[in-house]
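**Q** Whole structure, please, built from the sequences with the hints as guidance.
Each chain, written out:
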Amino acid sequence: MTMLPAPARRKLGLVIDLDTCVGCHACAVACKEWNDGGQFGPLPDEDAYGAEPLGVWFNRIHSYEVQPEVTPDSQGNGPLQQLYKTGFVENAPAMTVHFPRSCLHCEKPDCVTVCPTGASYKRAEDGIVLVDEEKCIGCKLCSWACPYGAREYSEKRGVMQKCTLCVDRIYNESFAPAERQPACVMACPTRARHFGDLGDADSAVSKLVAEREGYALMPELGYAPVNRYLPPRPRRNGCGDKAAAADHTETLDRDQLPPLLRWVDKLLSR
Amino acid sequence: MHPALSVIFFTTLSGAGYGLLALLGAGLALDLWPRETASLLWPLGLGALLTSTGLLASMAHLGQPLRAWRAFSQWRSSWLSREGVCAVTSYLPMAAIALLALRQDAQLPWPAAARLAGAALLAAALLTVFCTARIYSSLRTIPAWHNAWVAPGYLLFAAYSGGLWLWLLAALHQVGAPLPWDRLGLAPGPLMGLVGAALLVTALKLAYWRRIDGPAAVADIGSATGLGRYGTVSAFEKPHTEYNYINREMGFVLARKHAARLRAFALVCGLGLPLLGVLAAIRLPDYSPSFAALALLSGSLGIFVERWLFFAEARHVVNLYYGARRV
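First to last, the protein sequences are chains A and B. The first sequence begins at 1 in the working numbering and counts up one residue at a time. The second sequence begins at 1 in the working numbering and counts up one residue at a time.
If you are wondering where the hints come from, they were derived from the structure by calculation, not from laboratory data. Given the structure is predicted, the values throughout are model-derived calculations rather than measurements. From the three backbone atoms N, C-alpha and C, an ideal C-beta is built for every residue, glycine too. Careful, some of the hints might be misleading.
[What the hints assert, rightly or not] In silico DSBU-like cross-links for lysine-lysine, where the CA-CA straight-line distance does not exceed 35 Å:
1. Lys135/A / Lys32/A
2. Lys156/A / Lys32/A
3. Lys238/B / Lys135/A
4. Lys108/A / Lys156/A
5. Lys32/A / Lys207/A
6. Lys238/B / Lys257/B
7. Lys135/A / Lys156/A
8. Lys207/A / Lys238/B
9. Lys108/A / Lys32/A
10. Lys207/A / Lys108/A
11. Lys238/B / Lys108/A
12. Lys108/A / Lys135/A
13. Lys156/A / Lys257/B
14. Lys238/B / Lys156/A
15. Lys32/A / Lys238/B
[Said to hold, decoys possible] Listed next, the stretches of chain B that the computed footprint assigns to chain A, with coverage defined by at least 3 CB atoms under 8 Å from CB atoms of chain A:
16. 59-70
17. 79-92
18. 228-235
**A** Have a look at this one:
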């Protein structure tokens, strides 16, 4: 049924830390591997080893460059505004941010309501948005309705596919409790991905979002995404405070030198 | 957006079909239609043929066409499902009118049942086209479609292209009529209606293009990534080296590159030449069927280009993740 269920108390989703993501694509690969063999697979590729490979991935890792545009009177306390305050901004380097993009399991997903067959649905119990591939007619309208590019159509299977939040892992009792997490979260080498209940204000992910000022993507479109992104932390730029940067004197810890050099330093310092 | 031929054929063919059926339904409901079986069965059959061909073309768009019957189930939320329901429902008044027409005595006025069926056909045809338009105009992700100009555009184009077909049928029906005005096919009123529709459609389309060329943007790369608060965001590296489904389906650029020429072609071919055809037929009523056929041919080609542009010019917000600055 493509009518949306009543808003659920549980809102399972991901929290993605843009500060620690290194853009290694491990989450995307782990996702592809798990879901190719999982309950919602396969995820076949066309021309996989040829000139124009094409296939469904539930997770895509972009990289963006952010060129600071900070003026002396600019408001806010973001990392680049802080850079400005350190006097570093005249030559501030662009910031590179790696940005994993997958289904945000929106609270108001148009991809669900536009579906003519009921194949696309939002689970009442935990808010996960899924496609029933037995019912999907492959009209592609849901992918048009999604602003986040979360749905990819499988030319080979003739149906729409999307992130399942690894619903076949997170409730899987044959796994150890620690492994009942989405494959992308398990795979991340920098722990930039967190999974949990964003409807529960006391959950670890909700606290993380509150502490780090996690945000939703394109809230102005009104889809009310559940997933949150944690902004990059202020960069350590090595320039310290402004006076020190201008003075630029080095200090030497004589105790760390080998005895001969320590003697040389002592001699030359006279 | 990628302009899929199946969807363009569907919207233009079924649009013309439902336009023709709506005109027939209106004429019947108001008891303005000629009281003979043939003048009713021809447009009815043609309307059924056009809409059915369009619906079949839309099936070609599906990855799993055998499951298409499932699309009738979600009418409570989905405009696509509503369209399917309306399209199938419209066959009922069509069948009723066909049965009544076969039993009609040319001396008598249309019975109340036929007028009622005509009204039902008018409603079903208009509703189906309205639902088609709402499939697109309900998408908040595509600003060029999510506006008030789309639904009136679809309805007017349907009526106009249906009118072109009706003129051809009427002109063929009236070949060899004794009076020159009759040989024109349509009576002056409906013919001027066709001219009026063409002018109205032109005005509407110009207003629509003005609207979508406007600077209004629904989102930018800064809000799409949430990084706009730190400075100017640009795509540094894409997630993949080759195009994926998203790029192929929603990253179509060609039409916007040549938009000005294609728009001019759509207007001249779709609306200008058919108007000339009407004027030429008024001057030379004996050649009305030829002029009507040329008007239909040129009009259909123009409307095809117009519909191609409707899809191909539209920009989807997902392109923000692939480097578009504002959509």
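**Q** Hints first: check each against the structure and report whether it holds.
**A** Cross-check of the supplied hints:
1. For the suggested pair Lys135/A and Lys32/A, the alpha carbons sit about 22 Å apart, so the restraint of at most 35 Å is met.
2. A threshold of 35 Å between alpha carbons decides the hint, and for Lys156/A with Lys32/A the separation of about 16 Å falls inside it, so the pair holds.
3. Restraint check for Lys238/B and Lys135/A: the C-alpha separation of about 33 Å stays at or below 35 Å, so the hint holds.
4. Simply put, Lys108/A and Lys156/A have alpha-carbon atoms about 29 Å apart, close enough for the 35 Å limit, and the pair holds.
5. Between Lys32/A and Lys207/A, the direct Cα distance comes to roughly 29 Å. Compliance with the 35 Å bound is thereby established for this hinted pair.
6. In summary, the hint linking Lys238/B to Lys257/B is supported, as the alpha carbons are separated by about 23 Å, within the 35 Å threshold.
7. The suggested pairing of Lys135/A with Lys156/A holds, with an alpha-carbon distance near 16 Å, which does not exceed 35 Å.
8. About 31 Å separates the Cα atoms of Lys207/A and Lys238/B, which keeps this hinted pair within 35 Å; it holds.
9. With a CA separation close to 26 Å, the supplied pair Lys108/A and Lys32/A stays within the 35 Å bound.
10. For the hint linking Lys207/A to Lys108/A, the alpha-carbon distance of about 23 Å falls within 35 Å, and the restraint holds.
11. Taking the CA atoms of Lys238/B and Lys108/A, the gap is about 28 Å. The hint holds against a cut of 35 Å.
12. Restraint check for Lys108/A and Lys135/A: satisfied, since their Cα atoms lie roughly 21 Å apart, inside the 35 Å limit.
13. Restraint check for Lys156/A and Lys257/B: satisfied, since their Cα atoms lie roughly 31 Å apart, inside the 35 Å limit.
14. Taken as a hint, the Lys238/B and Lys156/A pair is honoured in the structure, with Cα atoms around 24 Å apart against an allowance of 35 Å.
15. At roughly 18 Å between alpha-carbon atoms, Lys32/A and Lys238/B fall within 35 Å of each other, so this suggested pair holds.
16. Here the segment 59-70 of chain B counts 8 residues with a CB under 8 Å from a CB of chain A, which clears the bar of 3, and the coverage holds.
17. Figure legend: the segment 79-92 of chain B, annotated as covered by chain A; annotation consistent (4 residues with Cβ-Cβ distances under 8 Å, at least 3 required).
18. Restraint check on the segment 228-235 of chain B versus chain A: 7 residues with Cβ-Cβ distances below 8 Å, three needed, restraint holds.
Hint compliance for this structure: every hint is met.
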